[in-house]
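K.L.:
Assemble the complex: chain A is given as a structure, and chain B must be docked to it using the hints.
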Amino acid sequence: MNARSTIWQQVCRVDDIPPLGARRVAREQGIAVAVFRSATDRVFALLDRCPHKGGPLSQGIVFGESVACPLHNWTIALADGQAKAPDVGCAVSFGCKIEDGVVYLDADELAHKGLDVSAPVAGPQAKAGA
Amino acid sequence: MKRMKLVLVGNGMAGVRALEELLKIAPELYDITVFGAEPHPNYNRILLSPVLAGEQTVDQIILNPLSWYAESGITLHTGKKINRIDRTKRLVIADDGTTAEYDRLLLATGSNPFVLPVPGNELQGVIAYRDIADTNTMIDAAATHRHAVVIGGGLLGLEAANGLKQRGMNVTVVHIMPWLMERQLDAVAGKLLQGSLEQRGILFLIGAQTAALLGNEHGRVRAVKFKDGTEVPADLVVMAAGIRPNTELAERAGLYCNRGVVVNDTLQTITDPRIYAVGECAAHRGIAYGLVAPLFEQGKVCATHLAQFGIGRYSGSQTSTKLKVTGIDLFSAGNFMGGEGTEEIVLSDPLGGVYKKLVIQGDKLIGACLYGDTVDGSWYFKLLREGRPIGDLRDRLMFGESNIGDVGHEGHNRAAAMADADEVCGCNGVNKGTICKAIKDKGLFTLEEVRKHTKASASCGSCTGLVEQLLMFTAGGDYSAAPKKKAVCGCTEVSHQELRNTIREHKLLSIADAMKFLEWRTPNGCATCRPAINYYLISTWPKEAKDDPQSRFINERSHANIQKDGTYSVVPRMWGGETTADELRRIADAVDKYKIPTVKVTGGQRIDLLGVKKEDLVNVWRDIGMPSGHAYAKALRTVKTCVGSEWCRFGTQDSTQMGKDLERALWRMYAPHKVKLAVSGCPRNCAEAGIKDVGVIGVDSGWELYVAGNGGIKTEVAQFFVKVKTAAEVLEYAGAFLQLYREEGWYLERTVHYVSRVGMEHVKKKVLDDAANRKLLWQRLQFALDGEPDPWFEHTKAGIDLRQFKPVASDAAHEVSA
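If you read the protein sequences in the order shown, they are chains A and B. Residue numbering for the first sequence follows this note's numbering, starting at 1 and increasing by one per position. Residue numbering for the second sequence follows this note's numbering, starting at 1001 and increasing by one per position.
Isolated chain A (complex conformation) (with noise of 0.2 Å):
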């Protein structure tokens, strides 16, 4: 792969995002990437599972630069999708960038990245699985 051309991907605007907040980036593969922008605007992008037990990360309260999962409460870095202390797990990160207020993934992640990673299962159907 050549670093020096990323190909971005438009996904939508900075404005979309509630600030502390995120979106769901859906794919035609695999799971949702997070897209989450901080109280400072800055813009990160994580594939929506917790490293823990595949909490949807999205839907996490954001901090600072950290989001805590709803499912169990692991706090995970946006910058580099590390879990804090004294948890250890890290979350699929992608790259990401903001020009003129829109907000850009790599395109190639996008399309690539974390597709190995299942969904977790609960109901009817995880009985049917185990």
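It should be emphasised that the hints constitute simulated quantities derived from the structure, not laboratory data. A virtual CB, placed ideally from N, CA and C, is assigned to each residue, including glycine. Just so you know, not all the hints are guaranteed correct.
Capping the alpha-carbon separation at 25 Å, the derived lysine to any residue pairs in SDA-like fashion look like this [claimed, not checked]:
1. 1595(B) with 119(A)
2. 1613(B) with 72(A)
3. 1797(B) with 89(A)
4. 1546(B) with 16(A)
5. 1516(B) with 40(A)
6. 1613(B) with 115(A)
7. 97(A) with 123(A)
8. 1002(B) with 1020(B)
9. 1600(B) with 123(A)
10. 1613(B) with 126(A)
11. 1613(B) with 32(A)
12. 1564(B) with 119(A)
Residues on chain B that point at chain A, a partial pick, calculated with CB under 7 Å [as the list claims (entries may be wrong)]:
13. 1526
14. 1527
15. 1554
16. 1564
17. 1565
18. 1566
19. 1581
20. 1611
21. 1798
22. 1801
23. 1809
Output of the computed footprint for chain B on chain A, the stretches with three or more beta carbons under 8 Å from beta carbons of chain B [unchecked claim]:
24. 10-17
25. 50-64
26. 70-82
27. 112-124
P.N.:
Showing chain B alone in chain A's frame:
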């Protein structure tokens, strides 16, 4: 000031514990250098047995990783044995020539295994059981050889035998005394233990005297020969016939030794006050301790003395014993053998594998030996150490603590029944109060965190179950009691009460204002403080403070309950638990249309639709056309009702109508935590009003109100509050109580904890005794709830960001290069 130099010889549990204690109280006093003969950082020697048995790994038993030494500024020399102490020059010299000067020297050289003076004891395959290297030798031997003989049926020998057996070797234990662990068990318990170990396939030669170890042509041991001439095959011989304090270095330095380096009550050697000794190498009042708890006590006293505090004296320890063989419970303490002038209470159930013996002298318990059921071991140990007269409980003593008085009932577990001063972790001397305080103050939720913060359960691990019970009891579920002054979270020093008061006194109306005024340390708080501040704002200043959805937990932002797979559940409101064919039809249609996988009836008499996709939530709400049940919120959940006088032949009051009226009056009421009500139409109480935040029970002459009940992890029966005559009074009294809770409760504090914090007297004074105040409270609640939107239908008014229900579709976007 120039720092003094402290050198520790012996990088084991006792010495390093002393350093840890020292660093806690005087981190700047010394430049510290540590010498260890083994190539490892400090590890938990007690857990070598689980490592041998394959239940843990060496990495898991490291207590202080190399990074700890670096972070603590300690110079560490591993794999270097100190050969000589030059007391004149105050210098220690290692075998490789490394030297270190000291102002204070701490000896923690531990002990050496006692090797039987028999021919052949130098053969290959003959080892002691003392350190990681021995353990690895045994693990390797188990992989390549078949026959193991363990000499010595004491604690260590049996743990080694068990580990080798689990690794697949044929194991024979040779024990010269008449029964196993004779220093810790009486003959009956020793025989029971032998039976259990025999069932695991371990063979025993009791009373056998070892004469020689025989080798093969390669110089490796091949058999053990006994005095009666018999032999057993052996590819591995483990010597576990006792330990001797390692005093070689001290003796060479001219320090007085007598079965250990002799120390005084401040752990200084009696020869040279600059030199301290702790642990298995030290002899204190004639005793060299080999168990971890006394060593840690010594470390603590030694540290305070090194820190120049001069407080604390070590006056010896009482010890108790537990065997770390999975599945075998035994405990002993004190004089368990009894003898002249003592009495014994014995319970023996050989078939059930339970044996308990208590030894009593005069009016006191002086010894205990338990096999098979050791739950009460720590209680007996406590009675023993405290020397408490046991006359009043003598007839029930044998049946354990749970049978004394009332403890053990009403959903309390064993941990709950313990007093704060009761010891939980015998190894590290941590009591229940310390653990619970750490759990509460520091917000600990896992065993690991408790170990890290309190050291409880971090050594031998036999109290792990108890610590877990404490965690569950203290931090689990809805329980969130906090001590008087506890910071809301790490973002501030401010307590919940101070936060509430400030918001009221200074009329703060936004989260940002509150954080600024109270000098929050973080720019926008965290997932703990933001929801709390948001609740305090909207409950204190209804219609004025602006609700911030981004500071609410997802459930209150999306108005549905998040599930483990990221889908949501929908619980429509059914007033008083009553529904109609029409409503059920709409629910059924929505279940079909949106392919909702599970439909379930809740504990609060509602219908739960589980597995709804977030994208479908708004449509499901619309199609069902019923109000939000708020089953996802810190708010009024349901009012559960029985059938009542309308149908029931026993009913004295119309409980269903009362329930509907209460629910219509109180729904959309946010509170510090969830709020559950129930109304029963007669004292048979089919709606289970006795475990609700507010429970109402109809009687012939009116209604009885009960408050502050809880059916959660720790069941709490609601307390009788007041009896009233009319339905209107029920609304006013219940509403006033709940408004008081809304105004005074701390965020995530259930009514039971709120009432126990402020006291029932306070609540009664505000709601019952002061009629004017009651009416004001009720009015304030009605004012707050007036015009509150149903979030499922009035999205804008409820401040719901509808964008959350739609993902951004990346396929609609176009690509650009940069």
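K.L.:
Each hint: holds or not?
P.N.:
Now for the hints, and whether the structure bears them out:
1. 1595(B) with 119(A): 19 Å, holds
2. 1613(B) with 72(A): 20 Å, holds
3. 1797(B) with 89(A): 39 Å, violated
4. 1546(B) with 16(A): 21 Å, holds
5. 1516(B) with 40(A): Holds. Residue 1516(B) to residue 40(A) sits at ~16 Å (cutoff 25 Å).
6. 1613(B) with 115(A): 21 Å, holds
7. 97(A) with 123(A): Roughly 38 Å separates the two Cα atoms, so the pair is violated.
8. 1002(B) with 1020(B): 21 Å, holds
9. 1600(B) with 123(A): Judged against 25 Å, a Cα distance of about 12 Å means the pair holds.
10. 1613(B) with 126(A): 16 Å, holds
11. 1613(B) with 32(A): It holds: about 14 Å lies between the C-alpha atoms, which stays within 25 Å.
12. 1564(B) with 119(A): 10 Å, holds
13. 1526: 5 Å, holds
14. 1527: Holds - the Cβ of residue 1527(B) comes within 7 Å of chain A, reaching about 3 Å at its closest.
15. 1554: 4 Å, holds
16. 1564: Since chain A brings a Cβ to about 5 Å from residue 1564(B), closer than 7 Å, the hint holds.
17. 1565: 4 Å, holds
18. 1566: 4 Å, holds
19. 1581: Cβ of residue 1581(B) sits 27 Å from chain A, so the hint is violated.
20. 1611: 5 Å, holds
21. 1798: 15 Å, violated
22. 1801: 6 Å, holds
23. 1809: Holds, because the Cβ-Cβ distance from residue 1809(B) to chain A comes to roughly 5 Å (cut-off 7 Å).
24. 10-17: holds (count 4)
25. 50-64: With 10 residues closer than 8 Å to chain B, the segment 50-64 of chain A meets the three-residue bar; holds.
26. 70-82: Check passed, 4 qualifying residues.
27. 112-124: holds (count 6)
When held up to the earlier numbered hints, the structure conflicts with 3, 7, 19, 21 and fits the remainder.
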